[in-house]
Amino acid sequence: MVIDFSQPTPVEISEERQLTASRREMVLNMGPQHPSTHGVLRVLLTLDGEVITSCDPNIGYLHRGVEKLGESHRYSQFVPWTDRTDYVAAPSNNLGYVLAVEKLCGIEAPERAQYWRIIMGELARIASHLVWLGTHALDIGALSISLYCFRERELILDIFEKFCGARLTTNMMEIGGFSRPIPPELPEMVRTFCQVFPGGQQDYEDILSKNPIWLSRTRGIGVIEPEVAISYGLTGACLRGSGINYDVRKAQPYLLYDRLDFEVPLGSHGDVFDRYLVRMEEMRQAIKIIEQCIDQVPTDGDLMLRGSTYTIPPHDTVLTTAEDMQRHFIWVIKGFSPPKGEVYQAIEHSKGELGYYIVSDGSPMPYRMRLRTPDFVNLQSLPYMAQGAMLADVVAMIGTIDIVLGSVDR
Amino acid sequence: MSEEHAQLPARPALTAESWATGYWGPTEPDLHPAVYAVRERFPDAFIDAINFRDEMTIRVERARLREVIAFLRDHPDQRYNLLTDVTAVDMVRLRDTPRFDIVVQLYSIPNRVRLRVKAGVDDGETVPSLVPIHAAANWMEREVYDMFGIVFEDHPDLRRILLADDWDEGHPLRKDYPLRGFREYVQPGFTKPAPRIRTRLRRPQ
Numbered sequence: 001m002v003i004d005f006s007q008p009t010p011v012e013i014s015e016e017r018q019l020t021a022s023r024r025e026m027v028l029n030m031g032p033q034h035p036s037t038h039g040v041l042r043v044l045l046t047l048d049g050e051v052i053t054s055c056d057p058n059i060g061y062l063h064r065g066v067e068k069l070g071e072s073h074r075y076s077q078f079v080p081w082t083d084r085t086d087y088v089a090a091p092s093n094n095l096g097y098v099l100a101v102e103k104l105c106g107i108e109a110p111e112r113a114q115y116w117r118i119i120m121g122e123l124a125r126i127a128s129h130l131v132w133l134g135t136h137a138l139d140i141g142a143l144s145i146s147l148y149c150f151r152e153r154e155l156i157l158d159i160f161e162k163f164c165g166a167r168l169t170t171n172m173m174e175i176g177g178f179s180r181p182i183p184p185e186l187p188e189m190v191r192t193f194c195q196v197f198p199g200g201q202q203d204y205e206d207i208l209s210k211n212p213i214w215l216s217r218t219r220g221i222g223v224i225e226p227e228v229a230i231s232y233g234l235t236g237a238c239l240r241g242s243g244i245n246y247d248v249r250k251a252q253p254y255l256l257y258d259r260l261d262f263e264v265p266l267g268s269h270g271d272v273f274d275r276y277l278v279r280m281e282e283m284r285q286a287i288k289i290i291e292q293c294i295d296q297v298p299t300d301g302d303l304m305l306r307g308s309t310y311t312i313p314p315h316d317t318v319l320t321t322a323e324d325m326q327r328h329f330i331w332v333i334k335g336f337s338p339p340k341g342e343v344y345q346a347i348e349h350s351k352g353e354l355g356y357y358i359v360s361d362g363s364p365m366p367y368r369m370r371l372r373t374p375d376f377v378n379l380q381s382l383p384y385m386a387q388g389a390m391l392a393d394v395v396a397m398i399g400t401i402d403i404v405l406g407s408v409d410r
Numbered sequence: 001m002s003e004e005h006a007q008l009p010a011r012p013a014l015t016a017e018s019w020a021t022g023y024w025g026p027t028e029p030d031l032h033p034a035v036y037a038v039r040e041r042f043p044d045a046f047i048d049a050i051n052f053r054d055e056m057t058i059r060v061e062r063a064r065l066r067e068v069i070a071f072l073r074d075h076p077d078q079r080y081n082l083l084t085d086v087t088a089v090d091m092v093r094l095r096d097t098p099r100f101d102i103v104v105q106l107y108s109i110p111n112r113v114r115l116r117v118k119a120g121v122d123d124g125e126t127v128p129s130l131v132p133i134h135a136a137a138n139w140m141e142r143e144v145y146d147m148f149g150i151v152f153e154d155h156p157d158l159r160r161i162l163l164a165d166d167w168d169e170g171h172p173l174r175k176d177y178p179l180r181g182f183r184e185y186v187q188p189g190f191t192k193p194a195p196r197i198r199t200r201l202r203r204p205q
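One line per chain: the protein sequences are A and B, in this order. With our numbering as the guide, the letters of the first sequence map in order to residues 1 to 410. With our numbering as the guide, the letters of the second sequence map in order to residues 1 to 205.
Hints in this document: simulated from the structure, not taken from any laboratory. Incorrect hints may have been included.
Here are some, though not all, of the chain A residues that point toward chain B, as calculated from beta-carbon distances under 8 Å [what the hints assert, rightly or not]:
no. : residue
1   : Cys55
2   : Ile59
3   : Glu67
4   : Val343
5   : Glu353
6   : Arg368
7   : Val377
8   : Gln380
When the alpha-carbon atoms are kept at most 25 Å apart in a straight line, the in silico BS3-like pairs for lysine-lysine are as follows [stated by the list, open to error]:
no. : chain 1 : residue 1 : chain 2 : residue 2
9   : A       : Lys334    : A       : Lys68
10  : A       : Lys340    : B       : Lys192
11  : B       : Lys175    : A       : Lys334
12  : A       : Lys334    : A       : Lys162
13  : B       : Lys118    : B       : Lys175
14  : B       : Lys175    : A       : Lys68
15  : A       : Lys68     : A       : Lys340
16  : B       : Lys118    : A       : Lys68
17  : A       : Lys340    : B       : Lys175
18  : A       : Lys210    : A       : Lys250
In this text, all values refer to a predicted model and were calculated from it rather than measured experimentally. Ideal Cβ placement from N, Cα and C applies to all residues, glycine included.
Please model the complete structure; the sequences and the hints are all you need to start from.
Here it is in structure tokens:
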């Protein structure tokens with residue numbers, strides 16, 4: 001069958017659409033090019049006056065078939081694809097994927113690499129929360145906050161750029177550690193950021209936290225009760241805003257999070273304002289984590305696991321020993337074959353629990369690659385929140401879930 | 001501030017519980033409390049339990065899947081209350097029958113344990129939907145239907161979610177679906193479809 005894009009597509013008006021014209025209710029099509037839907041989210045709202053009677057989020061406009069692509073790529077080739085799912089926190093996606101493959105292979109990265117993975121993951125969390133705060137406040141009407149947020153985000157992107165050369169799609173981590181050396185000036189850049197950022201965060205809170213417009217637009221809006229939050233499978237700040245203490249870093253610690261001292265902020269009302277408070281406190285805790293890591297991380301040592309068939313041999317031994325040169329060649333040309341089995345690895349992404357479920361049949365490519373993205377699941381709660389709410393609050397509700405459509409649609 | 005918001009109760013300061021050391025659960029299938037409970041309660045539906053990399057997988061009969069998940073949620077000692085993921089795997093290259101595996105990832109927030117429940121389903125068979133017990137299953141089951149064509153009984157709104165509503169090419173995550181689809185596309189400005197590139201790397205059989 002051949003599709004010719006040069007011919008116009010016939011447009012049919014469905015019977016349902018024709019029927020709604022005769023009813024009292026009105027169907028409002030919000031998106032997929034609406035600026036406050038954070039990408040290509042389309043929401044079909046049925047309105048009675050200004051009150052929403054039903055809400056149907058319509059997703060899939062950015063579907064690229066990442067799971068199908070994962071089945072046709074070797075394990076190491078899939079790392080760049082994880083950047084493209086949630087593109088505002090790419091290092092966190094890398095981290096979840098490489099941890100899943102390492103669990104499948106039964107290997108662990110060296111300690112220095114684990115510390116740097118935590119640092120990069122927490123920097124990505126702050127960068128993601130800054131994008132969230134800027135756009136969320138912009139939707140509700142606070143225009144200047146987005147400029148402040150992107151001011152501090154630039155510093156984080158500079159750190160990413162210094163380390164791996166890319167600012168957005170970082171492709172930073174490799175199975176078994178890092179394939180790049182840490183630049184000598186990177187620890188100082190991270191330390192400087194940790195000193196600068198609290199002042200910037202004070203700016204945001206000065207503008208928002210006691211602002212009467214912000215309070216009236218967020219307090220008591222989009223309330224999710226704790227039982228409902230669990231039933232909808234929410235994770236991340238959406239769940240913790242309702243007062244449920246579930247953070248993967250504390251509940252099932254991965255990397256070296258069990259050595260670090262940090263707290264999990266909880267909300268009490270489950271409304272938009274509580275989720276805002278939780279995310280602001282998470283940024284403060286992330287700075288605390290980064291400061292501990294940068295003090296504890298060894299200044300020298302391996303960044304990549306040596307001597308394993310599952311990892312790429314380090315550059316120095318490739319050039320000096322024949323075995324590692326052969327292994328490097330085989331690793332690049334043929335990949336590696338993990339044992340048969342299946343693993344599910346979850347990490348605490350900035351938006352919630354990010355899980356990778358990998359089924360291996362013993363071949364160099366995954367048999368099944370499943371991305372359990374947090375915002376796909378969290379977005380399900382939008383119809384619950386919007387039911388009976390006012391039309392103007394829908395933008396606050398979409399913003400508070402913190403969606404990135406690349407991650408929702410995969 | 002309006003009167004409505006002034007009536008909200010006072011907001012306590014943000015707190016965090018102090019967690020004890022993480023509990024990961026026993027690794028022997030026979031010692032796992034969830035395996036023991038499911039096997040005792042559903043002796044005919046329980047098939048087997050596998051442990052791989054400290055992750056427990058319970059295989060159950062397809063028709064009793066919802067009962068097992070509800071039992072694990074409501075059991076006072078198990079309390080697997082968070083439905084993390086519902087997905088499927090096309091097992092056509094690994095075994096003859098049944099063709100698909102429905103994979104349900106569960107997590108217990110009070111006990112901090114993960115559990116995976118699997119059920120085999122063949123082409124044309126239906127699976128009891130989990131939406132009546134977990135609202136989170138709604139979109140996940142729609143995605144499984146979209147990608148694999150597996151039909152869930154009692155699902156309130158089973159239609160495609162990621163692909164277009166009028167997608168008529170089948171279900172892409174089945175193993176017999178080609179990576180680039182069945183169709184040939186003529187891009188604007190061209191008269192014939194772009195040539196297909198054969199990948200050199202083949203999966204060893």
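Quick check: which numbered hints come out false for this structure? Hint check: 1, 10, 12, 18 fail, others pass.
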